[in-house]
Amino acid sequence: MTPRTITELAAALRDGSTTPQALLADAQARVEQTDKDLNAYLSVTRELAEHQADAAARTLEEHPETASPLCGIPMALKDVLCVDGIETTAGSKILSGFKPPYTGTAVQRLFDAGAVCVGKTNCDEFAMGSSTENSAYGPVGNPWDIERVPGGSSGGSAATVAAGSVPYSLGTDTGGSIRQPAALCGVVGFKPTYGRVSRYGLIAFASSLDQIGPFARTVEDAALVFGAIAGHDPCDSTSEPRGVEDPLASLRAGVAGMRLGIPREYLGEGTEPGVRASVEAAFRVLEAQGATLQEVSLPSTDVALSVYYVIAPAECSSNLARYDGVRFGSRVERASLTDMYLQTRGAGFGNEVKRRIMLGTYALSSGYYDAYYRQAQKVRTLVSQEFEAVFKEVDAIVCPTSPSVAFPMGSRDDPLSMYMCDAVTLPANLAGVPGISVPCGFVDGLPVGLQVIAPRFEDARVLRVAHAYEQATDFHTVPSPYASRAA
Amino acid sequence: MTLSRDDVDHVATLARLGLSDMEKDRLLGELEAILGHIARLQNVDTSTLAETAQVSDLVNVMRADETVDPIGAAAALRNAPASDGSYFVVGAIQGSDLDA
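Chains D and V are the protein sequences, given in the same order.
Residue numbers for the first sequence follow my numbering, beginning at 3 and rising by one.
Residue numbers for the second sequence follow my numbering, beginning at 66 and rising by one.
If you're looking for bench data, these hints aren't it; they were derived computationally from the structure.
Any given hint could be a false lead.
[As the list claims (entries may be wrong)] Below 20 Å or equal to it, Euclidean Cα-Cα: the simulated SDA-like pairs (lysine to any residue) are:
no.	chain 1	residue 1	chain 2	residue 2
1	V	K89	D	G352
2	D	K38	D	D147
3	D	K101	V	Y152
Just so we're clear, the structure is a prediction, and the values are computed from it rather than from any experiment.
Could you put the whole structure together from the sequences, leaning on the hints where they help?
Below, the structure written as structure tokens:
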């Protein structure tokens, strides 16, 4: 049985066939059943959820017409998103026990809509990774094959939707951390335009790249959640003031007459043959619906990886300077302040975080700043210009989300081979453009994702193309083995 | 691009990251490999390109100069490893191995 979508659950809440409390109990039972294997959750927020379910039930009873479609629907939050008084660790030992004194804007908007938060999901430490193996609290299993990674860094948020425990979750995407795990777990994952969703209350990794977005079972559900969290927020100075186009208004407009570009660099040698075949079949589906497909070129794709692995670590080294054992997080006591800093940070951060802090500090250090950081910022301009040029020729880009399907845990212990996972997702972060991953096939029982990318602020167009593809296929309706079992 | 063990020591000090000798040895090799890959950046002609620090079109975002309620000392100190009720408490500023 396919787990139900937000849209289906919202209808069931309104026809009286279920209640927010019943949906919550169901979600909690599924988490309990599956999480010994999956490790998708760092905490289960039972008290908060029960309070929210009761409040949602009252709203639905008193104001059924005006209640949000998200009212009374269970969901989960990546553990980099702050919730007032609820432990938020970012998957790091250094933040063990940290209870934020406020709730982030995107999360608050969902809570205001009546969302019921089941728990906080596991992720790579400070969202740095592509497999969720870097969490200080153990790796997450992929619901399609427990021996394989769910992708990352939002692996827990992807896995819990794929396991059918909740219909949606929030993740964050700095170089592909929503889209890549969505592809590897066979769900929809949407990274909005940079600035569309407030980052207030998101534990920062790389501030010029980070963006919050939803995981869901369908594109329509992802659009619903995006509509609820998007919009200007004075608490984030990079938040975009211009109004948000209703993502549902054009969702069903189809792709007839649209020009779609296939970047030749995104289907390079590193793409697994099965992924290539699935994505090429998806191109034909879009063509059959009236889209015109043409090859385009983003020549700096190869060097974009290098740009990313200078800029993201540089920003991370600066952002993570705040974990010094003074204001929050753990502390290793030493007589002198400097020794306390050294020991606290040495003990509190894991290997990948240390590696990126070192890389970023090096790239920003005297004598290397021009050669690495400044040069990377200039090439970032080139990456953006190439997207702009392509979007003069085509309305959107279609391509694989990940060059591979989910890989076995422990199989990519070399940092560089792990960094390659993001080769076709991170350019969108560098340019700030929106991107989505939608299920487009299976290779040996493992899901493949189709990525759609559009110009900045054309979030509705990304959703429209993905929805048109999804409606013509049924890959998104195939439940993972864990979802079948739980259902 | 060759990195020395002294470079690793220097960067770890700048980053205030206490690392064991084993960690430094491992990082030396890993950082060399990553920097070797990143070196391809140098081949791009950027003579006509300006830097991109951020991708939004926003400039100098200001808010009205109005007082808003702060979070308050009690909430701000709640997560502190050590405080005296109104301040964060830390060890002596001087006397580190790094100061020598």
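Okay, the hints, checked on the actual structure:
1. A C-alpha spacing of about 14 Å is found between K89/V and G352/D, which places the hinted pair at or below 20 Å, so the restraint holds.
2. Taking the CA atoms of K38/D and D147/D, the gap is about 14 Å. The hint holds against a cut of 20 Å.
3. Under the criterion of a C-alpha separation no larger than 20 Å, the hint pairing K101/D with Y152/V is consistent with the structure, at around 18 Å.
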